[in-house]
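Protein chains: 4
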Amino acid sequence: MAIEASQDNSARRRLRLGMVGGGRGAFIGAVHRIAARLDDDYELVAGAFSSEAARARASAQDLGIALDRAYDSYEAMAQAEAARSDGIEVVSIVTPNHLHAPIARAFLNAGIHVICDKPLTTTSGEAEDLVALVRETGCVFAVTHNYSGYPMIRQARAMVAEGELGTLRVIQAEYPQDWLTERLEDSGNKQAEWRTDPARSGAGGCLGDIGTHAYHLACFVTGLQPEALSAQLTTFVEGRRLDDDVQIMLRFKGGARGLLWASQVAVGNENGLKLRVYGTKGGLEWAQTDPNSLWFTAFGQPKQLFTRRGAGAWPQADRVSRIPPGHPEGYLEGFATIYSEAARAIRAVQSGEMIDAEVMYPTIEDGLAGVRFIEAAVASSRDDSRWVTIP
Amino acid sequence: MAIEASQDNSARRRLRLGMVGGGRGAFIGAVHRIAARLDDDYELVAGAFSSEAARARASAQDLGIALDRAYDSYEAMAQAEAARSDGIEVVSIVTPNHLHAPIARAFLNAGIHVICDKPLTTTSGEAEDLVALVRETGCVFAVTHNYSGYPMIRQARAMVAEGELGTLRVIQAEYPQDWLTERLEDSGNKQAEWRTDPARSGAGGCLGDIGTHAYHLACFVTGLQPEALSAQLTTFVEGRRLDDDVQIMLRFKGGARGLLWASQVAVGNENGLKLRVYGTKGGLEWAQTDPNSLWFTAFGQPKQLFTRRGAGAWPQADRVSRIPPGHPEGYLEGFATIYSEAARAIRAVQSGEMIDAEVMYPTIEDGLAGVRFIEAAVASSRDDSRWVTIP
Amino acid sequence: MAIEASQDNSARRRLRLGMVGGGRGAFIGAVHRIAARLDDDYELVAGAFSSEAARARASAQDLGIALDRAYDSYEAMAQAEAARSDGIEVVSIVTPNHLHAPIARAFLNAGIHVICDKPLTTTSGEAEDLVALVRETGCVFAVTHNYSGYPMIRQARAMVAEGELGTLRVIQAEYPQDWLTERLEDSGNKQAEWRTDPARSGAGGCLGDIGTHAYHLACFVTGLQPEALSAQLTTFVEGRRLDDDVQIMLRFKGGARGLLWASQVAVGNENGLKLRVYGTKGGLEWAQTDPNSLWFTAFGQPKQLFTRRGAGAWPQADRVSRIPPGHPEGYLEGFATIYSEAARAIRAVQSGEMIDAEVMYPTIEDGLAGVRFIEAAVASSRDDSRWVTIP
Amino acid sequence: MAIEASQDNSARRRLRLGMVGGGRGAFIGAVHRIAARLDDDYELVAGAFSSEAARARASAQDLGIALDRAYDSYEAMAQAEAARSDGIEVVSIVTPNHLHAPIARAFLNAGIHVICDKPLTTTSGEAEDLVALVRETGCVFAVTHNYSGYPMIRQARAMVAEGELGTLRVIQAEYPQDWLTERLEDSGNKQAEWRTDPARSGAGGCLGDIGTHAYHLACFVTGLQPEALSAQLTTFVEGRRLDDDVQIMLRFKGGARGLLWASQVAVGNENGLKLRVYGTKGGLEWAQTDPNSLWFTAFGQPKQLFTRRGAGAWPQADRVSRIPPGHPEGYLEGFATIYSEAARAIRAVQSGEMIDAEVMYPTIEDGLAGVRFIEAAVASSRDDSRWVTIP
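Protein chains in written order, with the numbering used here: chain A, 3 to 393; chain B, 3 to 393; chain C, 3 to 393; chain D, 3 to 393.
It is worth saying that the hints were derived from the structure and are not from the lab. Predicted model only: the values in this text are computed from it and were never measured. There's no promise every hint is true.
Unchecked claim - Derived contacts from chain B toward chain A, CB cut-off under 7 Å, selection only:
1. Leu186
2. Thr236
3. Val269
Ideal Cβ placement from N, Cα and C applies to all residues, glycine included.
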């Protein structure tokens, strides 16, 4: 077996990482912690894992965090860590959506870099304020639209950018799930509870949770921004307060057209994220169920299967790969790539260097675009699917 | 190998079949002829294969048709055949769309049953007139929305009807192709010429050619009729006179929502017809690339793969199967099922019996629904994707 | 939809066809009849569908055969048909294996061409005698190793022959089924009864029924003949008299090595015929579950998907295709190609012309090779998997 | 997205880990380091990354290892670390095969637990000695047959053990690659060099490198040991000194039969490990290209798709899963599970507790079985594929 690991970055000093949210009973935090660990770029040293003191402390203990760095308030944490000579350099925010903005502000104001879950905020006003604050502080701010970290997605983006598809025409993005087919939010499932609660999730349910992922991926790969959308959001499960199915028509700058479908009631789908892009010269297809494969057809030629690090794979995919072709890399590796690239950016900022152009983690601007997408879709759907311009 | 052919119907007398269109240089005619032959229900004995006399004659000769039954005018053919004691009992109409209506009228008026390609007509007015004429004459009229003949589509329809999916929520239909990615209509390709010509195709390009197939399939399987649609039709290839990409949002009676995408510029897709249906209790997925498979998920259970005549297959699929599981049946077999069922219906009418409830070829009403779908989509697209009610 | 049917051969006079076997209660006969009909090359006009007079007559009636041409003895049929001016020109033999040889002899001696199911005979001695008789009579003799009729198999053979794979190294053939997982032969299933009966099937069970198909396919595609084999045949189901699982190592002329696996007890497999071929320059993969696809990898390049009549498909595949890419052709179409090619050969013989080099139906020599394969595998397995030379 | 990470084990103190081999220019070491890190069970604190002093030091620096714990001799390392109060508790051996035994002895003799790459040794004598030493010292000894760490492989094993397949009959294991299609060992590729060198690899080339993986997986899932095998090993690439293709027939205790194919010249295959198991009641299929899926067919029922943590998944799969269904876990996660389970065993030994029955990393005995398999296959192949008993 010919193993060549491109990302054994252990030589670099680990960045000191804190986390807000992600304590006992919460779950996305664990994914962020594995992602942070995988390429050995970070060491978790502090956390406000919960706003309940006892749970915050217990969670810190679980995670081997020194108790003097286990906080039950993010404000206290930002202040205390900023004051330490060995204070955290970067914080991961893994709370429900409505808390992203105030927490991010606290750490940015303390000069601490931020990695934040998505959607960025619950209103575009908050998001715009954050954009301004990030620019002002010069901090790195990564939003974990993690699917953009998959190697073959990087190749897809590069192929589009290099003109392999010609002028783009049709973009099909979809993200079906089925976990909210029934009224899970009434069963005590914490994830379902806050994700269907407008006060914590914002105006989008399925739209914000996974629709924004599909949207980001489509924009990331194509390099295009939609100008307008026409949406029908539906709440199929009785009594649910947010949409659980999202159907959107898109018009992109330059004339491309697209459909975006996201659903949390499509029985038989787990996390069926899929992207298809068609242009004048070629077409691309990718699905998360088989993330190491990228299908490409040059018009008039047989379809080709590019595989992660396989024959003919592009360097943009190789760069974010760890193991040889045929050995599947998955979700955690793609997520880890976002963390690794954020680390590269943070180190560059710390040393006053330019951030390498290869680094392409989703930024605060991507986060803002996601929030604007949510607002436009909600507005369109409320107005009988009228076309709404995306700022 | 355990072969059990359920459709070796050779015992029954063959129906005398005529054909209009489908001569030398035309091609869908050959598919109809194979379909007619496959289950031995028909014998082709007459034809107006072309309106040019020389070509009509040559085509008849190619096909072994007696020259006195080779016509160069459908009017002459309808009249002459109606007058013969051994005249045709049924005619296949395989011309460009704009000729379907006058030809069908001529044969119906002569008391001859009709099998007609789709879309039925170029205007709903013509289609409504045909519906009235069919009812008046009592003739069988089948429209070759052939995909409804696939065995696993029959099972899908039965599973929905039996409530295996619960109340339907989301319906995703798509039919991407890529053969019109470039301006093929300028290269002398006859198929491309008339299919992109409004005078011969009607108001829909891709919409009429394959969008109607996806639409019919969605309605056939779900048993639902859409109430309204919002469409964006696009012509991507410069100079083309009809749409080559179709994106439609659908609202069904009962609250289900759907997306329909059809394209003739999606590079890498040959005939990618696919249907997915999701309800409160289960989900179904089917694709023409693997037509002998039907994926079903009961919510909370592992996904199941039903195969044509395989373990657990439903009788509705078995009935229209010819060979054992694992030996693929394909497009021609599904097409032949429409012909076989039309033959059963014609024989029933001839003998004054009821048509068996198992017979479910697409009818004149399905043809009319397709034309109304085209008109609604065109109207919506012209009016900025406004929701348009489907009559 | 751009339909171009390459095989609408209706212009040619139909050959007069007879059938032995395939009456009521038998089933492979129906497949042969559809295959004969599909390309309009044959008309079934006579038959000895059963050796029981009543059943023979009833079967003929089912099939619309004139009663004076319904026989209950193949000897009588051969004699009577040979004496008629409108007698059959070719006979299909679809009986259990042990009857192939005497029936074939009777018709060959009457100067009638033969299409015969496989395996050719139950002993190689009989098969060799038939080879001699075919050469003596000059009759066409086709053996229905029907899988060689699939278009992408034709392309595979051409790609190997043209050197696209370089020198061949490894050949993997498999054909798993599961229909004999339990003792079906005791349940009244006729197919299971004779296929597990050495008196009617010969020395091979699974080996003869499907192992020979996999073997023929491997030889057909690679153009190689094995020199020797080492086999372990197993009878898993208690009381069964013939093997139901076959595992064979192969050594080919020129140094290639192969494995052949066939099974009738592999639960979850319907008709899982699959072939993989690897050489110094490239590799090919094909499976009956997706017969319109052929995967090809040139070493150091991304894998390519060739599809029937799709972009880049080879003419050898196009020639035996009927409909456009993306519309699946299946088992019956491949089977029909064998019939069509036999018809071309018969017509050539009748008119004293050379048989077209494109015609490549399996011949009597292929049939003999299959019987020798069975005998070698049985001998090896009985002798502790010793390597046995294949004549 | 409902994320529940079951393996965020950060609470436990990290075990102090050393590594032998895996320095600059070597690659499997990086995989072991990621695997060790992923579940936060280990901290790498010492290493003899190379026997060249300069490279050993540079590698240590790359990896952030204190220079006083960077060794250029494993003997020195074993001695020094054993003497430190903060010495390593466990060592990973990631050198070419011929060094596994002496290195393992050194650390076992120093009372240090071992995680060792495969095949365990180059002779069964060495392997047997190691087994004895492990028993004597009471140390944990894990062999990284990492594929047994995939969640769906754990479910497969459990399903077999629970009788879901009934009595096993047929086992098909394969592992095709293509990276040695040409003479890569002459091009300066270190991996190819030592893997084709009998002095460093032992008697098996492809056989030892990946054949043993397929063999271990087949035994792990079925719970069966083969009694005898018949092998043909081939060296296709001229001048190569070890086999590059392996074809083996297997006889298992209890009557099951199997085929094992491994190849490094099968063009178009990257790491195509695949296992299929068939019994009297059901069948299972799994492939590394889609490792989160397990196909199961109960005889007479439709095929079912079990997915990692999906509906109906078994607890044995859930236990070694980290993220929700539909988000692919891959090779590194499976590898990490072996490391995590070794950590659980080491902690149990350290605290004098029983090792949890859920822990099922491959042991020294599995390693010995692999070496015996190599020796038996080589002996059989040399003796014209004679059946050789496996001790």
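Agreement of hint Thr236 (chain B) with chain A interface, Cβ distance less than 7 Å: Result: holds, 5 Å to nearest chain A Cβ.
Interface hint for Val269 (chain B), Cβ within 7 Å of any Cβ on chain A: Holds. Min distance 4 Å.
Per-residue hint verdict: Leu186 (chain B), partner chain A, C-beta under 7 Å: Status violated, d = 11 Å.
The structure fails to meet hint 1 from the earlier list, while all remaining hints are met.
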